[in-house]
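Asker: Residues per chain, in single letters:
Protein chains: 2
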Amino acid sequence: MQKILVFGHQNPDTDAITSAISYSYYLSQSNQEVEPEPVALGPVNPETQFALDYFNQPAPRVIETAANEVDLVALVDHNESQQSVSDIKEVSVYSVVDHHRIANFETADPILYVALPVGCTQTVIYQMMKFAGVKPTKEIAGLMIAGIVSDTLLFQSPTTTDQDKKTAEALAEIAEIDLQAFGLDLLKAGANVDDKSALEIAEGDAKSFPMGDYSIRIGQINVVDVADVLKRKDEILAVMQSESIDHSYDAFLLVVTNILTNDSVGLYVGNENLQASFEAAFNTKIDQQTLDLPGVVSRKKQVVPPLTKAIED
Amino acid sequence: MQKILVFGHQNPDTDAITSAISYSYYLSQSNQEVEPEPVALGPVNPETQFALDYFNQPAPRVIETAANEVDLVALVDHNESQQSVSDIKEVSVYSVVDHHRIANFETADPILYVALPVGCTQTVIYQMMKFAGVKPTKEIAGLMIAGIVSDTLLFQSPTTTDQDKKTAEALAEIAEIDLQAFGLDLLKAGANVDDKSALEIAEGDAKSFPMGDYSIRIGQINVVDVADVLKRKDEILAVMQSESIDHSYDAFLLVVTNILTNDSVGLYVGNENLQASFEAAFNTKIDQQTLDLPGVVSRKKQVVPPLTKAIED
Chain X
19 MQKILVFGHQ NPDTDAITSA ISYSYYLSQS NQEVEPEPVA LGPVNPETQF ALDYFNQPAP
79 RVIETAANEV DLVALVDHNE SQQSVSDIKE VSVYSVVDHH RIANFETADP ILYVALPVGC
139 TQTVIYQMMK FAGVKPTKEI AGLMIAGIVS DTLLFQSPTT TDQDKKTAEA LAEIAEIDLQ
199 AFGLDLLKAG ANVDDKSALE IAEGDAKSFP MGDYSIRIGQ INVVDVADVL KRKDEILAVM
259 QSESIDHSYD AFLLVVTNIL TNDSVGLYVG NENLQASFEA AFNTKIDQQT LDLPGVVSRK
319 KQVVPPLTKA IED
Chain W
19 MQKILVFGHQ NPDTDAITSA ISYSYYLSQS NQEVEPEPVA LGPVNPETQF ALDYFNQPAP
79 RVIETAANEV DLVALVDHNE SQQSVSDIKE VSVYSVVDHH RIANFETADP ILYVALPVGC
139 TQTVIYQMMK FAGVKPTKEI AGLMIAGIVS DTLLFQSPTT TDQDKKTAEA LAEIAEIDLQ
199 AFGLDLLKAG ANVDDKSALE IAEGDAKSFP MGDYSIRIGQ INVVDVADVL KRKDEILAVM
259 QSESIDHSYD AFLLVVTNIL TNDSVGLYVG NENLQASFEA AFNTKIDQQT LDLPGVVSRK
319 KQVVPPLTKA IED
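As they're listed, the protein sequences go chains X and W.
Take the position in the first sequence, starting the count at 1, then add 18; the result is the number in the numbering used here.
Take the position in the second sequence, starting the count at 1, then add 18; the result is the number in the numbering used here.
Everything labelled a hint here was simulated from the structure, so no lab data went into it.
There could be a bad hint or two in this list.
Identical chains share a label here; the pair holds if one copy fits it or two copies do between them.
What the hints assert, rightly or not - For lysine to any residue, the following SDA-like pairs were computed, each having C-alpha atoms within a straight-line distance of at most 20 Å:
(1) Lys214 x Lys249
(2) Lys251 x Pro312
(3) Lys148 x Leu130
(4) Lys319 x Thr302
(5) Lys318 x Pro176
(6) Lys183 x Ile129
(7) Lys249 x Gln306
(8) Lys153 x Lys184
(9) Lys184 x Phe149
(10) Lys107 x Pro324
(11) Lys327 x Glu108
(12) Lys318 x Ala299
(13) Lys319 x Ile129
(14) Lys184 x Ala150
(15) Lys319 x Ala126
(16) Lys318 x Asp127
(17) Lys107 x Pro323
(18) Lys148 x Gln181
(19) Lys184 x Gly151
(20) Lys21 x Asn86
(21) Lys107 x Pro228
(22) Lys319 x Leu90
(23) Lys183 x Ile277
(24) Lys156 x Glu187
(25) Lys107 x Gly230
None of the values given here were measured: they were computed from a predicted structure.
Using the sequences and the accompanying hints, generate a full structural model.
Answerer: Shown next, in the form of structure tokens:
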């Protein structure tokens, strides 16, 4: 059996961490070729830690590079190389299980690649488990639910599909939990920003997206009151500015999402040409580096596609 | 329901044509969102025509462009944009079902993407049918077998997996045919080169592959006697040369495969720098534009990967 590292994207959210764990479990139960270990490309956030504690599971160890340990990796919850491990080009990809757009991804050989347009990678993994006859343990089922609740904001995000809901409900029976109560506790555990630094708020869940000739950084943070972030606006904008300079981002958008009302406010740093594209994408004006994003809760579905279109057109 | 065109790659082989048909059937039986029509990016070859005639099925109509008819397409048996319909950038991709490497493929939104490292797209489609509870008709099952036999050279190609064999055997029961007898007749129907022009021999199954900064054209033709092609070597090389000039290929390799002995001979046209990479890739010398490729039957597994490595290293 060949050793294989399984991981989600940089700046891991709950789906990235727990999908690495559940997919490793799936491989260990269904595949004789590889010996999987779930790892992470960064420390777990408070929301994920709440889920791990709830089901008594350890956090995956954090790796900086993969090629020093293995020849083969499995990607979950991402495929774009700039969101993956820094030395992704030095290893071979065994498989991808994902629910994002496909871009900046290339292999020399055919591989297993399963992506579905659903709200969460765990929903895809659950389908694979069902097909292979693999039943998750109570703890794995619980972590899979955490991924779904986190990615779909407890089924409020427009990325939510019927499959996500049905999967979470089926898993809740295995995990023996109250889905609504657990889900709300999980989201609240991740929505406390007072203990976070400005850098953690801006960068905690940020990803880079190449759009046209530009590198666009998009972060998102969930809160129960947007004012908790806006009262620290100057400090956060300063961090976004310095991060943009250090990493050559052409623009940086932080989406601050109220998980109770399902509205967002954006903070913007970037050059003036790009500002017009952002305003066109969201049909609004950016005033004092702030823009209203009513009804926006999904970066993947409501932020990246209109922005890609506005910038590339 | 939204109209959707389903097609395989340019220069369609039997898998490309029949997968468009079987995946359209699968969608029509399992999906309420789309109304699929199988089409083709070129005329069917004699092998495919044999299969269509055998199971009394019409050839899909040939399209030049897609955007003039639909907004949405489904790709089978390919993903790389240069192998797809000419105006692929003008339409949205609904889904991909494939068994090739992933490259030059990008979407703005998440989609269904299912690829497995197996010998034939039909093997992937059969898994999807099983999962969705869709049973192919006798005719669809027969066409699916034709795809598998064609791509795996009746299970002799190193791309063949256990899954391909088991799938073909299960389908043979539904189609009520003798797998070996039908398979050999199918391959022989495709291996007659005497009626083909030099252009059809060189270009009939050819695909372009970007490798490093180069555009590499690789064709393959199956024969029962390599001499049938080699006796027309000068004429074929001249066509490969003029095609390379017309389409800016940096090199053109035609793999002539004996389906009875499972060996190949290559014909080469290209510049001298690249010739060294070809020689390194296959650990041989190119003499009078000819190279021996003993044991080579799979472009995907035995030609593209070593060549990519030799050129990009």
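Asker: Please work out whether the CA atoms of Lys318 and Pro176 approach to 20 Å or closer within one copy, between two copies, in both situations, or in neither?
Answerer: within (10 Å within a copy, 39 Å between copies)
Asker: If the cut is 20 Å between Cα atoms, do Lys21 and Asn86 qualify within a copy, between copies, both or neither?
Answerer: within (12 Å within a copy, 49 Å between copies)
Asker: Is it within, between, both, or neither for Lys107 and Gly230, if the alpha carbons may be no more than 20 Å apart?
Answerer: between (22 Å within a copy, 14 Å between copies)
Asker: Between copies, within a copy, both or neither: which fits Lys319 and Ile129 at Cα up to 20 Å?
Answerer: Cα proximity of Lys319 and Ile129: across copies only (12 Å, versus 27 Å in one copy).
Asker: Is it within, between, both, or neither for Lys318 and Ala299, if the alpha carbons may be no more than 20 Å apart?
Answerer: Within. Shortest intra-copy distance 14 Å satisfies the 20 Å Cα cut-off; inter-copy 41 Å does not.
Asker: Between Lys107 and Pro228, at a C-alpha cutoff of 20 Å, which is it: within one copy, between copies, both, or neither?
Answerer: both (18 Å within a copy, 17 Å between copies)
Asker: Which holds for Lys319 with Ala126 at a C-alpha limit of 20 Å: within a copy, between copies, both or neither?
Answerer: Answer is between: at 10 Å across copies they meet the 20 Å cutoff, but 30 Å inside does not.
Asker: How would you label the pair Lys249, Gln306 (within, between, both, or neither) given a Cα cut-off of 20 Å?
Answerer: So Lys249 and Gln306 pass the 20 Å test inside one copy only (14 Å; across, 76 Å).
Asker: Pop the pair Lys148 and Gln181 into one bin, within, between, both or neither, using alpha-carbon distances up to 20 Å.
Answerer: both (13 Å within a copy, 18 Å between copies)
Asker: First find the shortest C-alpha distance between Lys214 and Lys249 inside one copy, then the shortest across copies, and answer within, between, both or neither for a cut-off of 20 Å.
Answerer: Result: close within a single copy only, 13 Å intra versus 75 Å inter.
Asker: Up to 20 Å between alpha-carbons, please classify Lys319 paired with Thr302: within, between, both or neither.
Answerer: within (18 Å within a copy, 51 Å between copies)
Asker: Check Lys107 against Pro323 for me: Cα-Cα at most 20 Å, and say if that holds within a copy, between copies, both or neither.
Answerer: between (27 Å within a copy, 15 Å between copies)
Violated hints: none; the structure is consistent with every hint.
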